[in-house]
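So the protein lines, in turn, are chains A and B. Mapping of the first sequence onto the numbering used here: residues 1 to 142, in sequence order. Mapping of the second sequence onto the numbering used here: residues 1001 to 1325, in sequence order.
It should be emphasised that the hints constitute simulated quantities derived from the structure, not laboratory data. Predicted model, so just to flag it, every value in this text is computed and none were measured. Among the hints, a few may not be true.
Computed list of chain B residues with no C-beta within reach of chain A, every gap over 12 Å [as the list claims (entries may be wrong)]: (1) 1105; (2) 1205; (3) 1271; (4) 1272.
When the alpha-carbon atoms are kept at most 30 Å apart in a straight line, the in silico DSBU-like pairs for lysine-lysine are as follows [what the hints assert, rightly or not]: (5) B:1297 to A:114; (6) B:1168 to B:1199; (7) B:1289 to B:1164; (8) B:1164 to A:13; (9) B:1297 to A:113; (10) B:1040 to B:1168; (11) B:1173 to A:114; (12) A:13 to A:113; (13) A:108 to B:1297; (14) A:13 to A:108; (15) B:1199 to B:1164; (16) B:1173 to B:1199; (17) B:1293 to B:1164; (18) B:1040 to A:60; (19) A:13 to B:1168; (20) A:114 to A:13; (21) B:1173 to B:1289; (22) B:1173 to A:13; (23) B:1199 to B:1293; (24) B:1199 to A:113; (25) B:1040 to B:1164.
Think of the CB as a built atom: it goes at the ideal place given N, C-alpha and C, for glycine as much as any other residue.
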Amino acid sequence: MNVQADSASRPSKEQVIYANILVIGVWVGLALLFITYFIYLSGLMPSHVDMSLITQNWDKGVNEYLEITHSPHGWGWVALLGSGDFLNYIGFTFLALMTIVCYLVLVKGYIAKKDWIYAGIGLLEIVVLSVAASGLLGSGGH
Amino acid sequence: MLNTLGSSVNRLLVTVGVLVLSSPVGAFAAEQAVLGGGDKPWWYWPLILFVFCFGLGILAVMAGVGGGVLYVPLVSGFFPFHIDFVRGIGLMVALAGALAAGPGLLRRNLANLRLALPVALIASTFSIIGAMLGLYLSALNPDIIQVCLGMTIVGIAALLIFSKNSEKPIVTKQDAIGMALGLGGVYWDEGARENVEWKTHRTVLGFFMFILIGLVAGMFGLGAGWANVPVLNLMMGAPLKISVGTSKFLLSITDTSAAWIYMNRGCVIPLIGVPSIVGLMLGSLLGVKLLAKAKPKMIRYFVIIVLLFAGLKAMDKGLGLGLLG
């Protein structure tokens, strides 16, 4: 085995950091989903939308569904964290935020290495994901 | 002995597949009862969905396709949920799977960050546009999305049948953009016991294709591994292993941006979202274990047939023909 070539095939430091953050984030995210879903189904916390109302209306378009169930869009769920159903959004949001967190670490690494092209690409990606996450784009469906 | 075990596992998997994929047909019939004031308890559909997604997770790993590409057409075709929710949750399903696979791929250098970052930026930007366009069309008339989804799924099935991958494409000369971005590297090929050097070409053309991939992924809520791999491998010349690994990792970024759009619009209902994600992930874990003993080719053909059927079913539903139930 060519030792020199073998070291070249090792992942970059950034890749390893990215992987380490991701592996923790995924398990925490899944645990959050599992725990909050258990709280939701067990009825430990009251639900904002009654189960029967959900099953009666999940065949309707999202705008109509939100209107009938008086559910929020965008980040409006944060105000309803006292409800068992909207508590589940913590897990969804955590998973969806993971990539932004990983990119922040990546960009820091690229800046330290003075790899300006990739630092720029990383920063742009953070902007794109943040805009998508912000709810500024098309969350007002009704 | 091993052959007998292998064929037993294959028979078992196909049986699981048939059971899983046939149960929604019954479910679809039952849906009519629900719509007509049926007396199904609230847990009925989430439970069926969990079992269904568990089976899908096994099949997806065996067939080498992402969970999202199976989830969206099948669940929208056979379950009573509106396509808005199916797409939103489909993206979360694909995102969770990609996030879970990411660390292993990055550590083994099979997902390459230098290759992934530029194309992820393009695909994720356009997946936002795709998601907004998809939601707009769906608000106008959901049948438009059903028909377009059906056509896309049939196209994907055709792509899976006819596209030929290239294990280690020969790239004689790297283009200027690929060189400037440093799109290349070395990975350890465990099978050949050697380091493989690689680089890409046709970078601009490849980038352009990721605009289309992002649009389709966002519009239909599909993971886009089926399109990422051929573009990275056949068009840009990345080795197959790097293409597959980078594609899976890419999904975690592309799907994130589109998933945010759907989530902010309210398209993720926890009651059906969590069983879908957990079911598919648990199924995938079992699928990986069974992979060593099964013949993935046979399962792959089975899944292609299912995709064809699901695509035709979506078109049938969107056009209101009622030919497929």
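Results for each hint:
no., hint, result
1, 1105, "8 Å, violated"
2, 1205, "19 Å, holds"
3, 1271, "6 Å, violated"
4, 1272, "7 Å, violated"
5, B:1297 to A:114, "46 Å, violated"
6, B:1168 to B:1199, "10 Å, holds"
7, B:1289 to B:1164, "26 Å, holds"
8, B:1164 to A:13, "34 Å, violated"
9, B:1297 to A:113, "44 Å, violated"
10, B:1040 to B:1168, "53 Å, violated"
11, B:1173 to A:114, "27 Å, holds"
12, A:13 to A:113, "11 Å, holds"
13, A:108 to B:1297, "43 Å, violated"
14, A:13 to A:108, "12 Å, holds"
15, B:1199 to B:1164, "20 Å, holds"
16, B:1173 to B:1199, "9 Å, holds"
17, B:1293 to B:1164, "24 Å, holds"
18, B:1040 to A:60, "18 Å, holds"
19, A:13 to B:1168, "25 Å, holds"
20, A:114 to A:13, "15 Å, holds"
21, B:1173 to B:1289, "40 Å, violated"
22, B:1173 to A:13, "28 Å, holds"
23, B:1199 to B:1293, "34 Å, violated"
24, B:1199 to A:113, "22 Å, holds"
25, B:1040 to B:1164, "46 Å, violated"
The structure fails to meet hints 1, 3, 4, 5, 8, 9, 10, 13, 21, 23 and 25 from the earlier list, while all remaining hints are met.
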